[in-house]
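**Q** Sequence:
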Amino acid sequence: MDLIDTHTHLDFPDFDADRQALMAQSRALGVREMVVLGVYQGNWQRVWELVQSDPDLHAAFGLHPVYLEDHRPEHLTELGDWLGRLAGHRQLCAVGEIGLDYFIETLDRERQQASFDAQLQLAVDFHLPALIHVRRSHAAVIATLKRFKLKRAGIIHAFAGSQEEAREYIKLGFKLGLGGAATWPQALRMHRVLAHLPLESVVLETDSPDMAPAMFPGQRNSPAHLPAICTALAQIMSLAPEQLAAASSANARELFNW
1 MDLIDTHTHL
11 DFPDFDADRQ
21 ALMAQSRALG
31 VREMVVLGVY
41 QGNWQRVWEL
51 VQSDPDLHAA
61 FGLHPVYLED
71 HRPEHLTELG
81 DWLGRLAGHR
91 QLCAVGEIGL
101 DYFIETLDRE
111 RQQASFDAQL
121 QLAVDFHLPA
131 LIHVRRSHAA
141 VIATLKRFKL
151 KRAGIIHAFA
161 GSQEEAREYI
171 KLGFKLGLGG
181 AATWPQALRM
191 HRVLAHLPLE
201 SVVLETDSPD
211 MAPAMFPGQR
221 NSPAHLPAIC
231 TALAQIMSLA
241 PEQLAAASSA
251 NARELFNW
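Heads up, the final residue of the sequence shown is numbered 258 in UniProt numbering, and it's a clean run with no missing numbers.
A portion of the hints provided could be inaccurate.
Calculated lysine-lysine pairs in the DSSO-like style (CA-CA distance at most 30 Å, straight line) [to be verified]: (1) 171 <-> 151; (2) 171 <-> 149; (3) 171 <-> 146.
Bear in mind the hints are in silico, worked out from the structure with no lab data behind them.
Using the sequences plus the hints, can you model the full thing?
**A** This is the structure in structure tokens:
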């Protein structure tokens, strides 16, 4: 299988001991390219240095809503500077990880929204896709995306919404990121949604080191798990794994202009 992991955090310390070996293992299993996402100002340089060490890695930069207390107003200006400096570089692929998180009730929603709006505007300004985090906030995210009308849209990371929400994102041009969470037997609602998703609207991801699939419970997730995730999701979707892998990779390449 030819696979692309559209969402990883390979720069995290979880991988410091065996990062290169893990990437080699992933490639041997068919994971050809991987996207590494920045989540706060302090890890952008680390992400870029990692991506520069390997031509098959690609970077996205953003201010993740979960790290809201670490973000400062000047970080938005710095994000614009980063995107401007790297504009047109083949290994810069998106603005992300950005979005809204209503699951953590202590995160100020107004500040989240202001940050999300500003970063979507950067995606518009630099003609980049957006990689979007959504937890218990689909209605607000959909309303926001309708305001911005991104030309290159992006990916709804770890999609776990309803069929109706899937339809709204797809109408806006977004791909739906599918990963380990949907492989769990108890994710019954998600299994029903998966059965109706159009192949041209899905991409595969791991969210490494988080969101381990059912086949590797309690383990550190990694791009090496993507083939098993693909196989499990294909079974739920009544597809051959090769069919899902080919569609996901084609969708990712089209989105990122690879």
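**Q** All hints, please: hold or fail.
**A** Okay, the hints, checked on the actual structure:
Taking the CA atoms of residue 171 and residue 151, the gap is near 12 Å; set against the 30 Å cutoff, the hint holds. About 11 Å separates the Cα atoms of residue 171 and residue 149, which keeps this hinted pair within 30 Å; it holds. Of the pairs offered as hints, the one joining residue 171 and residue 146 holds, with about 10 Å between alpha carbons and a cut-off of 30 Å not exceeded.
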